[in-house]
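S.K.: One line per chain: the protein sequences are A, B, C and D, in this order.
Under our numbering, the letters of the first sequence match residues 1 to 341, in that order.
Under our numbering, the letters of the second sequence match residues 1 to 341, in that order.
Under our numbering, the letters of the third sequence match residues 1 to 341, in that order.
Under our numbering, the letters of the fourth sequence match residues 1 to 341, in that order.
Since the hints were made in silico from the structure, they are not lab data.
Bear in mind that the values here come from a model prediction, so they are computed numbers and not experimental data.
Careful: at least some of the hints might be erroneous.
Given that identical chains are not distinguished, each listed pair holds provided it fits within a single copy or across any two copies.
[Stated by the list, open to error] The calculated DSSO-like cross-link candidates involving lysine-lysine, where the alpha carbons are at most 30 Å apart (straight line), are:
#1 K6 <-> K32
#2 K6 <-> K67
#3 K32 <-> K67
#4 K155 <-> K119
#5 K6 <-> K227
#6 K155 <-> K77
#7 K227 <-> K70
#8 K67 <-> K277
#9 K155 <-> K277
#10 K119 <-> K67
#11 K70 <-> K277
#12 K227 <-> K67
#13 K119 <-> K227
#14 K77 <-> K67
#15 K70 <-> K155
#16 K119 <-> K6
#17 K32 <-> K77
#18 K77 <-> K227
#19 K77 <-> K6
#20 K77 <-> K277
Listed below, chain by chain, are the residues.
Protein chains: 4
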Amino acid sequence: MMIVMKEGATEDQVAAVIERVQAAGAQAHISKGELVTVIGAIGDREHVANLGLEGAPGVDHLVPILKPYKLASEQYKRGERTVVEVDGRKIGGDHFATIAGPCTVESREVILDTARAVKDAGGQLLRGGAYKPRTSPYSFQGLGDAGLPLLAEAKAETGLPIVTELMDVRDLDAVVGVADVIQLGARNMQNYTLLTEVGRTGVPVLLKRGLSATLEELLMAAEYVLKEGNPSVLLCERGVRAFEPSYRFALDLMAVPVLRELTHLPVIVDPSHAAGKRSLVEPLSLAAAAAGADGIIVEVHPQPEEAICDGPQQLYADRFAEYAEQVERAAAVAGKVLSNV
Amino acid sequence: MMIVMKEGATEDQVAAVIERVQAAGAQAHISKGELVTVIGAIGDREHVANLGLEGAPGVDHLVPILKPYKLASEQYKRGERTVVEVDGRKIGGDHFATIAGPCTVESREVILDTARAVKDAGGQLLRGGAYKPRTSPYSFQGLGDAGLPLLAEAKAETGLPIVTELMDVRDLDAVVGVADVIQLGARNMQNYTLLTEVGRTGVPVLLKRGLSATLEELLMAAEYVLKEGNPSVLLCERGVRAFEPSYRFALDLMAVPVLRELTHLPVIVDPSHAAGKRSLVEPLSLAAAAAGADGIIVEVHPQPEEAICDGPQQLYADRFAEYAEQVERAAAVAGKVLSNV
Amino acid sequence: MMIVMKEGATEDQVAAVIERVQAAGAQAHISKGELVTVIGAIGDREHVANLGLEGAPGVDHLVPILKPYKLASEQYKRGERTVVEVDGRKIGGDHFATIAGPCTVESREVILDTARAVKDAGGQLLRGGAYKPRTSPYSFQGLGDAGLPLLAEAKAETGLPIVTELMDVRDLDAVVGVADVIQLGARNMQNYTLLTEVGRTGVPVLLKRGLSATLEELLMAAEYVLKEGNPSVLLCERGVRAFEPSYRFALDLMAVPVLRELTHLPVIVDPSHAAGKRSLVEPLSLAAAAAGADGIIVEVHPQPEEAICDGPQQLYADRFAEYAEQVERAAAVAGKVLSNV
Amino acid sequence: MMIVMKEGATEDQVAAVIERVQAAGAQAHISKGELVTVIGAIGDREHVANLGLEGAPGVDHLVPILKPYKLASEQYKRGERTVVEVDGRKIGGDHFATIAGPCTVESREVILDTARAVKDAGGQLLRGGAYKPRTSPYSFQGLGDAGLPLLAEAKAETGLPIVTELMDVRDLDAVVGVADVIQLGARNMQNYTLLTEVGRTGVPVLLKRGLSATLEELLMAAEYVLKEGNPSVLLCERGVRAFEPSYRFALDLMAVPVLRELTHLPVIVDPSHAAGKRSLVEPLSLAAAAAGADGIIVEVHPQPEEAICDGPQQLYADRFAEYAEQVERAAAVAGKVLSNV
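Could you build all of it, start to finish, from the sequences and the hints given here?
M.R.: Written as structure tokens, this is what we have:
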């Protein structure tokens, strides 16, 4: 932690800061410039983080030096990359995964038809929500518990592992019974109850970035899961809030190479929710794969016009194979291969 | 709902849209311009909202006409404003309330000392968190259950009603046992589990705006609570994410007059969390009051330098009376009076 | 400048950085933590700013310590505040000014009628644009040269000094002939040609913050003017781009107290362009004044419904006196008085 | 234009709006819903745009139906795409172009060395700034006039056409004497003086998107150029302002497919300025090409460590061929080929 003093801070103020740094068990290291004095507090991460010197007399601002996350940091695994393996499908490192399925498990027919299309196109995992977070209390909230056995059936038939969302800690056991990967949605990225409980299950987690979360906050949320002993976190960029009105969210593809430098965890991209519109999904998917993403999670449906939710952004199941092939070509440019079983 | 067709949409495409609108039980109303045809879908709110025409052939985009919230809308109470009354303190309409207290209930002494200062300064409610949402899993997470009796004691001594945060649905009963107002934090604005359960309690709710929530989304979150039969929702602006690095969050004071036009619910402003810095808290509080807010919620502490969290932004308890007086003057400019018991 | 090395940076990389710092004529000051080494480069502002070490081997990132502006900084005048005096009206320090007028000088009648209303209401300066920056090439672009004599006539009749916008460096002489304060619009905040030329005139400048300019960038733009020897810069907050769709721009009232800490220059607030809507203008004006702004610049028109541009946000001239009185009350809460002649 | 009335608007208010629409020479088309009345104003684009009904009694808000730009719209060329040809290099349609060069023309040696590297790597155009817009008045402002002959020399030797920036209308003739493509920077996207004058020259224009410009505003800026009779506008996405602190600007790759639907003009992506960091430039370039961009403009330098500006983001000239080949592969995924002479 560097403590930057104000121009014109007095000797006494500097001395008071030094004393406080030392009292916290850290070492104070003083750099006196012509205009400004900077005091480095060197010591244990925890002690230094909680010095509480912000706003103290003569202090202009603090500059943290150490990253606030540890288990999620690139340094923690000394350059080795986490590869999450789900029923033999690898995600991360050189392995790219396509996760696809309908927005919501709306019926047995829809989930089974889609699962077959994903399987035939060479997709790796099947997604589908039984519980759906909806902005409006008047919208369809998902089939709930009744949706879970349908996911299990789709897995039984196609062998595709299941990614499904958990919203309420009281549904944890039910979801764990079916999910191969538990999804935590953007609105729950900082739901510390869910992060902690999911961390305790050991089931791989697909953690969506909050609508206005910084990448550091996303990594801190992952840290909550990792800290409970669950090493299998897939980070998911799904678009952030921005000022542009011509699309729903701004897909932040810079997150892909930036996260690669900050963390060893795999990075998945969800182009569907940012786009909100089918015609944008393929170009964004190709861009994500070319940027070096470790996978995409995308919505597909046998008849999007009839879908209960998110119809306009879901791809057509009968053209999905063609799309998946294009994505594979783009991933190859970035040096990634699909991990088929 | 207006359906705006693309330039060059064919007659068949227009006919298909009309057919679909009518099939949904709504009336189609066609406006044919020189370049573009617009189809109005007139009918029941629910039917019209779920037409699923976005992305249909020839359709450029949809324009919703009706607001998606109903119980929260200004029209719902025909101009009458909601006044939430908590133990005799009125909030809303012409009544302004000052809600103050430490960031977290860190000890018996701190919460009692602060409560006395708030009481003496003429404050209306006491705030303090037993459960604390923290970005880092390594930060102090609040006293938890042990903090609740301390809040009860502070209330017993000063008579100030208590505002405290609920984070985990499993703590609902414990919190309801102490809280006069349940706070839902910014990170939980779209935690539909909490919104629904809190709606069922009937206890007044202070609902903080999410870090990147639009005002419409905030009102939709309030609608979740109102729909369960709980009419007492206090909306709280606490700063949104923005690009400016010189402060923590951008306090959106435009939300105050805009919400006044959109809803009958009271609007509270939290200047502390946006500022992150003591020196900004008073000017922002005065601005909020002058803009017509129905109250402020502000952090105050006997010894901010020793506070476990948010020290730099907490006001000094021994100068709180002076601050509260200034806020009262600003509220008076906007035509509001404090509601003392 | 602090140079933060990567975890695991080698001794050689550290040595190379130190060498480079010293070669630039600065002193290197090393702080070695358990995980990370930080090198302070102490010396002349210019040398240190251009070390070019970002991205060098082993370097994680740089942290500038000194602010990049000098003449605009609060420290430069050692706590004294700049008071700009225009024909006897003081702006800054304890003095608050109301600058008002129509969006554009659309006719002799409109500008004269408005000037009288502003004068009668106790306003300090008259605003009105002869040249108008318009998003669309098909919109009215202002009367241009023909508007300037009308402003001169309004000043002759009412004695109110004139604030008017300059957009094209080729119009500089014509504008200087009439303007008491030259306005540079938000789109031109970083038009370095204009900043430099206006700096050379010595005429006071009202510099609007760009739509997504940080406060530091605003101060750097002011520095361009100050550097040419023109000390009279009024900074103007007019709303920044944000994600909220229910208003045009997000008026950043936090800028008021933050700029007060960063600079000695006066801060003016423009509530009209952010709001885009008349009903929001008064609450935002009161908030700005209560937050400690040194003035407001607001649009007013005898018949807003007939205005050529920005009609919906212009106040009614015949109710302007009442509005101005309310603003004066709010300014008083912040300890400011109007400077009448 | 649709005029949405408030819930509870009176018959008289509706009648007044209709009268005003008709008085403007447009047709009024009324849709009466259960709660809300919507009035369509059908007629000439100009008349309808300037109805001035926003804020009128009983009016809730206006919804524009027609896009405000015409010449730039996709419909204007009925699906045909603009291909800009510069000395035989095609940009747009199926043709991808790599534009590369140093940030600034800092010396004869640097510009010539870089030009050779770009030529050898199969690049299409050479970029380099003689005039540089700089945030700080204390930074190097470019060689100015002295830089232009160096660009001419680089062209003479390599045959590469030149892209260079114009900042001051007074430099127009000098820049036109050398530039094959005139660049207008992000800070000047809404500098209407420059847009108009450059429109009159007929020289192709590379128009960078402003830091917080919407895509509609970008197209309106292009419209200023097109309206003067200059059909050769290259739109350039270069990153927008966002809240994430780990990179400089948020490269908006969604702009690529969205602009493809809105306009016939080619879209170029500048990954260097958004990234601010070399290691991010290649992944972002691949993503841009895979998303369907018509070209990239990228910074490259023989010795980035010694560069006067933007060193950390400039690619190494001696590794540029390898990079260019990767970009070509990604462009191929999107169906584009390089246009070599």
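S.K.: Provide an ascending list of the numbers of those earlier hints which the structure does not satisfy.
M.R.: 6, 10, 13, 15 and 16
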